[in-house]
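Peer 1: Spelled out, the chains give:
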Amino acid sequence: MRVGVITFPGTLDDRDAARAVVAGGSEAVSLWHADADLKSVDAVILPGGFSYGDYLRCGAISRFAPVMSLVIEAAGKGMPVLGICNGFQVLCESHLLPGALTRNSDLHFLCRDQEIEIVNNTTPWTTSYKAEEKIVIPLKNGEGSFQCDDKTLAELEGEGRVIARYVGHNPNGSRNLIAGITNARGNVVGLMPHPEHAIDELTGPSAQGLGFFTSILNAMVK
Amino acid sequence: MALDTVAIAQSSPDNVQPFAELGLKADEYARIKEILGRRPTSSELAMYSVMWSEHCSYKSSKVHLKQFGEKAPKSDALLVGIGENAGVVDVGQGYAVTFKIESHNHPSFIEPYQGAATGIGGIVRDILTMGARPIAVMDPLRFGPADAPDTRRVLPGIVAGVGGYGNCLGLPNIGGEVVFDETYIGNPLVNALCVGVMKHSDIKLAKAAGAGNLVVLYGAKTGGDGIGGVSVLASETFGAGGSTKRPSVQVGDPFVEKVLIECSLEIFAEDLVIGIQDLGGAGLSCATSELASGGSGGMKVALDKVPLRDPSLSPEEILMSESQERMCAIVEPSKIARFLEICKKWDVTVTVIGEVTDGDRLEITWNGEVIVNVPPRTVAHEGPVYNRPLAQPAYINQVNSQKVNVPMPSGASEIKAAVLKLAGTPNLADKSWVTAQYDKYVQGNTIQAQPDDSGMVRLDEKTHLGVAISTDANANWSYLNPYQGAKLALAEAARNIATAGARPLAVTNCLNFGSPEDPGVMWQFAESVRGLADGCLEMGLPVTGGNVSFYNQTGAVAILPTPVIGVLGVIQDVRKRTPMSYKTSGLELFLLGETKEDLAGSEWAFLHGQRVGQSPDADLAREMRLIELLLEGNAFFNAAHDLSQGGLSAGLTEMVLRHNVGATISLSYPAVDLLSETPGRVIVVVEASKASQLQALATKYSIAISKLGTTGGDSLTINDVVISLDELRTVHTSTFPRLFG
Amino acid sequence: MAKIVVDVMLKPEILDPQGNAVASALPRLGFSFAKSVRQGKRFEIEVEGEPTAAQLAEVEKAAEVLLSNPVIENFVVRVEK
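Residue numbers (this note's numbering), protein chains in the order written: chain A, 1 to 222; chain B, 1001 to 1741; chain C, 2001 to 2081.
Note that these hints are calculated values from the structure, not bench results.
A hint or two may mislead.
[Stated by the list, open to error] Selected chain A positions facing chain C (Cβ under 10 Å, derived; list incomplete):
hint	residue
1	L56
2	I61
3	S128
4	A131
5	Q147
6	D149
7	T152
[Claimed, not checked] Stretch-level coverage of chain C by chain A, calculated; a stretch enters the list once three of its residues show a Cβ under 8 Å from a Cβ in chain A:
hint	region
8	2022–2036
9	2049–2062
Glycine is no exception: its CB is placed at the ideal position from the N, C-alpha and C atoms.
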């Protein structure tokens, strides 16, 4: 099982995502932003970080990378794609996912151990979780407020395309406490918090993030 | 303005030059003329002025700092000592760790965000330039009173800057300090530490060797940032009316530095550089003269080749520019093509600007005309050395002869009030408002971060080898007794490492003081250095490098002497570290170390407006025995937490709130026991069945031990005082949000 | 030399925490004129000579695709002397 992890200039959590992929049982394949080559991977992760320094808008420049045209094409054919934090921002800028991520409502970068609820466990990235399972994984960003218009929100909620919600106090002003969403087809997932930093209690608040990386293995094996 | 060349300088010896405006004294200017045998060109004058400034040349501190070398303990672990960009120690398994702490105080007062951001950027580049991948940062910060309007101006900006730059680089922030005192109101202290890791074979030094090898400038383009920043800002105190030296502040771009890091590490991995230097204070003046000095001395640079952001810059300005995110490498001609290729991959601007030559002069040209021709060592290493007069200030005898006279709480309600007061006072309150703005998870190797006693990162995922770092200072003790204060800070930092189960290995230091032209301040400095050097010798911990920041004063009022000591230690298996607090009830708490009535310089005394008395005396022999005890006890300790500011009261508060499990404590003399700040004490938590094992260790290492109580419940109970965890938490965590929003 | 200016603002319904922060800070400094404040971005684009209609049309496209995020932002393109 080959899972690609894309590195843009300024990407930070690529090695951590790769570590999590391996911990989940798949092979991690490094993908360079400037190469239009997906190296025959079965799934792709866009990791967290500050690609292009968040110039212009988070993910606004990364979305035009050569590798992204292949990602968009593959996603259209059903390849599982996971965007974490900055990766989520790139997916929204690419219009693979609706809505946009904006500045945290209190204007501060926020790093905290965040409880979220998995509200959709049917995507290839969330099948390892029970329905409504609550997990604690790190949230760390300055632009994590998910915004969209009312029509989009109604669609997301109505079609069950919210995959994760913040539990308790809204950490960043996201509409409806949305922490993660999926596309209509259910193969592209965007998630603001970082499951790759919760794969081992030694270095994270829990090992509850591992489920994202075991899910994908199972999804492919099926 | 016409170009001032060497030829013109030779033929116009009597030109009046603005040496004083550039910060040089008359005798220094005369010495330059003596060295060169003529008057300097304006470019040479710029170079000397900035490199001979206090910040770059350490002219007031050198005579004292050499004690670190003279009194250096023998250490097999030291791979690179003082004198390079950062020290390097062997931590085993072929790994070398480099770490250093630096200050960026004055720029942060002027422009808090950028001052702090570029402070982080600068120390990270120092680590990178040793050949290491930076893996973590720490930020000891000091501000004026928490409720002062100017603190509300600088603190949020500084914290945002530390976070903004460090987070974007992908470096976890694993610790630091936030301290408030009126002494820092016009002079906030922003000290930044970075640690990096590499294999022994990767160590890089700043030397330009081999005639014909190329001098390559890469990274950001050069603009007008920080022109004169170094000599103008850090070498002079602020006028009491405040100043707006805005153009001198550097502006950083962490994305450029992140890319620079990745690009450089690829270059290092392919062994493409002979020597490398980052451009920090004094920019190109420093990089060229230091690299040339590190080699045989010969270098030729065409300054017009430097890529510019601002084409209007004059050669003098280019030489003084402190534009961030730039590095200078020495590359063999056979390797330059590959070097350029890697830079292109990362889209990093790169230019060959010169070459190493035979001979011993640094020659810089501008469009073919020679504008600098100097012996580089005279610029970089043979700056003025001052033996500033020092004299014990009058206040020392005055304060030392007074006794602390503070009301001590008696009875349950007063004791409860005291514990809550300490829990909520800004110096001891929960710092999440600050630390939540820092990414502590990136790179996935953080084992400990704030609010733990030390930061700890894993170096090897297979062997679980790790390092721990702590930074500590106690300005109150340093004020009362600078010699003891430095020793005590060293002991505390080492103790913080040992509580987690790591063995202290090496030291860095950031010495923040007032004006060296004040004999009293100079005495404080000399005593602090003497104390640190003596302490390091006794504890067997070499000083690997550090930083001096002078002129932290407004008008005639200097800050409290604030030597910040950083200690790095090694732990063989991070999985076996001793955590700061416990998660279950029914465990037993013990206090290691004897408590005496040490209120001088304490937080309790500070809250009552008193900074008098005698500091404790450091007993380093006992501290070292305590460290051995902690390391041996790591095998069965459930938790261990160092006591420092706020004494046992703060220590217990922090422990019970860490995982929300209370404790029931018995104290014979609750007021003194809770409020005293006797050094060398640690709270240890063990299972009841291990209590006798702990007692045996205490006997073995001759450390006093007393039982405090047991864990459990939802309150902190001390004798008949019951404080619910909810109330304690509310008081502890509401201070910073209330103050800073 | 004239330049093409693109002003980008968040759509009115999108939360603007930075604008709100500015609006809160103004009265603290003694400025009481503002009912509300919204913060946006301004791009200044230099071209050779005077901007042509064709160039303006291209800038509109660039604004749609790169300079703004149409999901949350509106933009206006104009020429400034």
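Peer 1: Tell me, which hint numbers fail for this structure?
Peer 2: 3, 4, 8 and 9
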